[in-house]
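J.: Take the sequences, apply the hints, and build the full model.
Top to bottom, those sequences are chains A and B. Numbering-wise (this note's numbering), the first sequence opens with residue 2 and increments by one. Numbering-wise (this note's numbering), the second sequence opens with residue 2 and increments by one.
None of these hints come from the bench; they were simulated from the model. None of these values were measured; they are calculated from a predicted model. Hints are not guaranteed to be accurate.
The list treats identical chains as one, so a pair stands whether inside a single copy or across any two.
To be verified - Capping the alpha-carbon separation at 25 Å, the derived lysine to any residue pairs in SDA-like fashion look like this: (1) LYS201 - LEU137; (2) LYS92 - TRP212; (3) LYS5 - GLU220; (4) LYS196 - GLY163; (5) LYS192 - HIS248; (6) LYS201 - VAL62; (7) LYS179 - ARG149; (8) LYS5 - SER42; (9) LYS192 - HIS249; (10) LYS222 - GLU127.
Number of protein chains: 2
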Amino acid sequence: MPKKKPLILVTNDDGITAPGIRTLIDVMLTIGEVVVVAPDSPQSGMGHAITVNDTIYCDPVKLPEDKKHEEYSCSGTPADCVKIATQEIMKRKPDICVSGINHGSNSSINVIYSGTMSAAVEAGVEGIPAIGFSLLDYSLEANFEHCREYVENITRSVLKYGLPSGVVLNVNLPKLTKSQIKGIKICRQAKAQWKEDFDKRTNPMGRDYYWLAGEFVNEDKGEDTDEWALNNGYVSVVPVQFDLTAHHYIKELNGWDF
Amino acid sequence: MPKKKPLILVTNDDGITAPGIRTLIDVMLTIGEVVVVAPDSPQSGMGHAITVNDTIYCDPVKLPEDKKHEEYSCSGTPADCVKIATQEIMKRKPDICVSGINHGSNSSINVIYSGTMSAAVEAGVEGIPAIGFSLLDYSLEANFEHCREYVENITRSVLKYGLPSGVVLNVNLPKLTKSQIKGIKICRQAKAQWKEDFDKRTNPMGRDYYWLAGEFVNEDKGEDTDEWALNNGYVSVVPVQFDLTAHHYIKELNGWDF
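T.: Put into structure tokens, the structure is as follows:
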């Protein structure tokens, strides 16, 4: 770790007032200098959305006088928050970006729908070591106390070891008590998916509409996956890359006769 | 190719009335049976967003009597369109899903912000062979004529050869005339990024706001990248995966002392 306090960018996708980000800010204040730039409203399921055809507001939040860090409430998506933080708000490039703690899982295929992870990936694209944290509890009243120790350890480890270019971490924490958690497992993303089952209704004007509903189905029985780790009492850590090239398939494609 | 006409799902992120999707539909009607489920308004930059806390409308579009295919206009994101098409609209699983033709590039890092590609990825997650097509011309008046031959060939090739589980194709077409295009190149995603330069303004009420602006910077000089191919007159085809695990970094992470 640098002798100077590390500069930490904190963001999320549940919005700046969510209990998850409040816990994350608390933990980060024990580690370094903190700047928060987070959405002014919940952005769950936003994937890696950015605001291309609309204005973005980003206003400082007035904090109690004993607070020494800065917070900004942003009308944009989580990826927007990271872009605007690094380009407009922060005086220098942050040493790390942490996103979350998300209210709900971002394990397995959820990573591609996740605003929490999109913020971490956006930071990674900009060359900033980054971690997304999620707790397997969708409730607004979720208890994040048992997350503190793991969030702190993993953040300090990334500051100590660094991350290679093109890699960020996706950390998920099981909904367990501190004594029930067995430790940290490094994992791969399980091959699982959502089986949708839309809830079709008719509005008072007679027009049909849908609610997205569904069931998470994991047919990947590997014991090296994030799903296995979480189901067996571990905190899962998946290294995530944003070079999406399926390198293993390039040779095969070159054999196609278009 | 199956003897029965293939069933083709067509979608995009520029909206159902965009010229790009009209060209794509035209080409697909020469190949198979077509069902269109596309956003009712432009969704550029939506990444892999899904609608989790709002209703989704999906209404049939009345077509001229000589048209034998079906079209649906959907209030959701591109990923929503694929989910609702496969679960609610189509009578059987489509043989292929094509998305686009996007007005603007989805090469390199743009793939992570791309609604066009999120639709293709969503189809891939559901086990449907899928292709995203994009033309390097943001104009609403873009000329898609030279795309037809390549769109048809690549689609027929995917129907013929299939794609392995977990892989979809990201196809970008240069803004050139038919005779200027040198052919198809299989590529990897170039390591490039956007350097943001927000345009900060003040609204009539005195509150600051931003427009996202920036410049695309490619420092990846590899001649096997999509950027190289497009800059040298080729149609780029990148196989894209949605297992985001950085498998090469798992061993290293296991050596960390958390």
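J.: Among the hints numbered above, which are violated by the structure, and what are their numbers in rising order?
T.: 1, 3, 8
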